[in-house]
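Student: Line by line, the protein sequences give chains A and B. First residue of the first sequence? That's 1 in this note's numbering, and the numbers climb one at a time after it. First residue of the second sequence? That's 1 in this note's numbering, and the numbers climb one at a time after it.
It is worth saying that the hints were derived from the structure and are not from the lab. Quick caveat: nothing in here was measured; it's all calculated off a predicted structure. Just so you know, not all the hints are guaranteed correct.
Every beta carbon over 10 Å from chain A, so not counted as near; a handful from chain B, in silico [as the list claims (entries may be wrong)]:
1) GLY52
2) ALA80
3) THR102
4) GLU111
Using C-beta positions, here's what the derived DEER-type ranges look like [claimed, not checked]:
5) ASP108/B with PRO113/A: 25 to 35 Å
6) PRO71/B with ARG468/A: 57 to 67 Å
7) ALA446/A with TRP18/B: 38 to 48 Å
Yeah, the Cβ is synthetic: ideal placement off N, Cα and C, and Gly gets one too.
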Amino acid sequence: MEWTKHLLVVPILLPLATGAALLLIDELRHTAKALVSLASTVLLLVVAIALMRMADAGGPGALSSSYAVANWPAPFAIVLVLDRLSALMLAVTAVLGLAALVFSMARWHRAGPHFHSLFQFLLMGLGGAFLTGDVFNLFVFFEVTLAASYGLLLHGTGAFRVRSGLHYISINLAASLLFLVGVSLIYGVAGTLNMADLALRMAQVPAEDRMLVQAGAAILGVAFLVKAGMWPLGFWLPPAYMAAAAPVGAIFVLLTKVGIYVLLRLTLLFFGSEAGELTGFGGIALLWGGLATLAFATSGVLASQALGRLAGYSVLVSSGTLLAAVGMGDAAVVSGALFYLVSSTFGTAALFMLTELVERAREPGADLLAVTIEAYGEDGEEPGEHEDEEVGVTMPGALAVLGVCFGCTTLLLAGLPPLSGFIGKFAMLTGMLNLDGLGSTGDIPARTWLLLALVILSGLAALVAMMRTGIRTFWAPLETIVPRVLVVEIAPIVALLALCLLLTVEGGAVIGYTDAAARSLHDPLSYIHGVLGTADAGSGTK
Amino acid sequence: MELTLALAIGVLTGSGVWLVLRPRTYQLVIGLSLLSYAVNLFIFSMGRLRVGAAPVLGTDGAGSPADFADPVPQALVLTAIVIGFATTALLLVVLLAARGLTGSDHVDGRESR
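Construct the entire structure; sequences and hints are all you get.
Tutor: Encoded structure:
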């Protein structure tokens with residue numbers, strides 16, 4: 001069992017090596033590149049599942065493992081930490097990465113250079129951000145993710161994409177600067193960057209420096225809230241996500257979840273039960289910010305005409321719900337929120353991929369890809385040759401399959417019973433109404449009722465908006481255009497939806513896992529001792 | 001020393017924020033660069049400022065580690081400079097592409113009326 005702890009570094013090294021190796025393969029050998037990338041992502045998924053089992057193996061509340069990369073004792077050098085939350089996020093990353101990659105293999109990966117390398121670097125950045133145990137490496141992995149996402153957003157070019165790419169890059173550069181200011185302020189006061197060590201020192205910060213720590217944490221929080229798209233910091237999100245190519249949009253859904261993940265981890269670690277005077281700092285801001293986001297995104301969902309924009313606002317709905325749930329700071333609510341996170345991530349990603357296929361049924365020949373292939377200059381080709389280029393098995397009964405997938409996505413986003421969206425929301429709402437455990441009779445504050453109403457209203461809005469689009473697309477046209485849909489395009493969508501069905505069927509086990517994750521998050525001492533205690537010299541690489 | 005540094009950071013940040021809010025892409029790039037200089041100086045200052053101290057060792061032999069400047073912020077600044085440099089270069093490419101595709105150097109791709 002000695003070697004298994006080295007698995008912790010695989011989610012970072014594997015995509016890095018694959019992405020670098022893919023640079024060496026000639027750009028014209030699409031199939032070879034795609035196969036290497038696919039093999040690496042499948043391997044990543046296997047490793048992520050192994051890590052998840054590892055994380056769940058330790059008793060309830062126990063931190064599973066930390067890994068000293070350079071074999072220095074914990075507070076001094078880079079440390080990777082695996083617990084249930086990070087393992088869960090890694091698994092979601094791998095599943096979503098695989099789905100988006102398979103989808104892109106139909107044709108998007110040929111629309112520009114270095115798609116697969118950028119995609120692997122994005123996976124590396126995400127893996128690193130979920131595993132890292134210190135704040136500065138979080139910045140580094142964040143930047144890796146962002147740099148790859150800049151390239152991916154521009155993938156396929158076109159004026160619309162470049163223009164939204166310009167906005168996206170500028171806003172994220174500004175947010176990164178805020179991140180740096182926050183990190184250095186916290187370092188200036190506490191003198192360490194290791195998350196566990198920081199959490200330990202929060203209680204010892206002298207009263208006159210407490211304001212500096214709060215300022216640093218608030219600035220750091222703003223940087224992540226920009227990523228998560230909290231109102232009023234999230235106006236950039238719908239246009240940027242709408243402009244991205246469909247598989248890129250699907251994987252971008254995870255980028256907002258990185259912001260949520262970091263907020264969840266850092267607020268509960270730094271300002272959790274061990275923080276003394278600072279306990280609970282920022283919770284109210286997150287709660288009200290989440291409520292505002294939810295209200296804004298709900299009206300956005302209702303107002304959206306284009307399906308891509310609707311998908312963008314659905315990302316914001318999910319962010320708002322999660323932020324408010326994090327702000328509640330209760331273990332049962334967080335557990336439901338984690339379940340909701342997984343299910344809404346899969347649902348929204350499926351919607352992004354579905355959007356492209358459905359758009360194909362709405363306006364034939366006018367899709368963006370035709371324009372991009374022209375702009376990218378696959379020279380000397382007649383328009384007719386594009387048809388031959390799309391080799392692959394075409395889906396029979398495409399419209400029916402698309403309709404069923406669209407219906408399932410609607411159920412997921414609206415949070416209606418047969419699929420997992422319902423369980424996530426139900427678990428969250430149950431937690432909110434029973435803050436002292438089931439059957440409690442304590443007073444429920446007004447803001448909880450507000451959140452409850454908004455969560456349910458946002459589901460209703462999603463239902464209305466999706467049904468309107470669905471009727472217009474599948475039922476209203478007198479002459480239906482049957483879109484050309486390849487099996488590799490519909491397969492990842494069906495797989496994601498099937499996974500959500502599996503989440504429902506195995507709901508008990510999944511809730512058990514998220515419960516344990518939420519409990520260990522609310523017990524910062526286990527994290528602190530796990531990192532500072534186990535990572536003595538000699539426990540890392542030998 | 002403290003006042004000089006604080007003024008420098010303040011002036012850089014102020015000009016940077018003003019330029020970032022301007023509508024031209026060139027102003028945006030210069031604004032983001034100025035902001036990143038300000039942030040780099042700020043990180044550096046978090047290692048505490050000391051005037052007239054020996055760089056590594058004083059003349060009287062080995063001193064205590066407490067006399068040295070904190071190396072961590074310097075390492076952070078180095079990383080931040082490299083990353084900021086790379087992303088700004090990428091932004092410049094996108095600016096040129098946007099200029100070519102939209103025919104305007106306005107950040108929205110068209111002049112506001």
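Student: At 10 Å, judged by beta carbons, does GLU111/B keep clear of chain A as stated?
Tutor: holds, 14 Å
Student: Quick check for students: does the CB of ALA80/B sit more than 10 Å from each CB in chain A?
Tutor: violated, 6 Å
Student: Do the beta carbons of ALA446/A and TRP18/B sit within 38 to 48 Å of each other?
Tutor: holds, 41 Å
Student: So does PRO71/B sit 57 to 67 Å from ARG468/A, Cβ to Cβ?
Tutor: holds, 60 Å
Student: When you take the CB atoms of ASP108/B and PRO113/A, is the distance between them in 25 to 35 Å?
Tutor: Distance hint for ASP108/B, PRO113/A holds at roughly 27 Å.
Student: Would the non-interface assignment of GLY52/B survive a Cβ cutoff of 10 Å against chain A?
Tutor: holds, 22 Å
Student: Would you say THR102/B is clear of chain A, with no C-beta pair closer than or equal to 10 Å?
Tutor: violated, 6 Å
Violated hints, in rising order: 2 and 3; the structure is consistent with all others.
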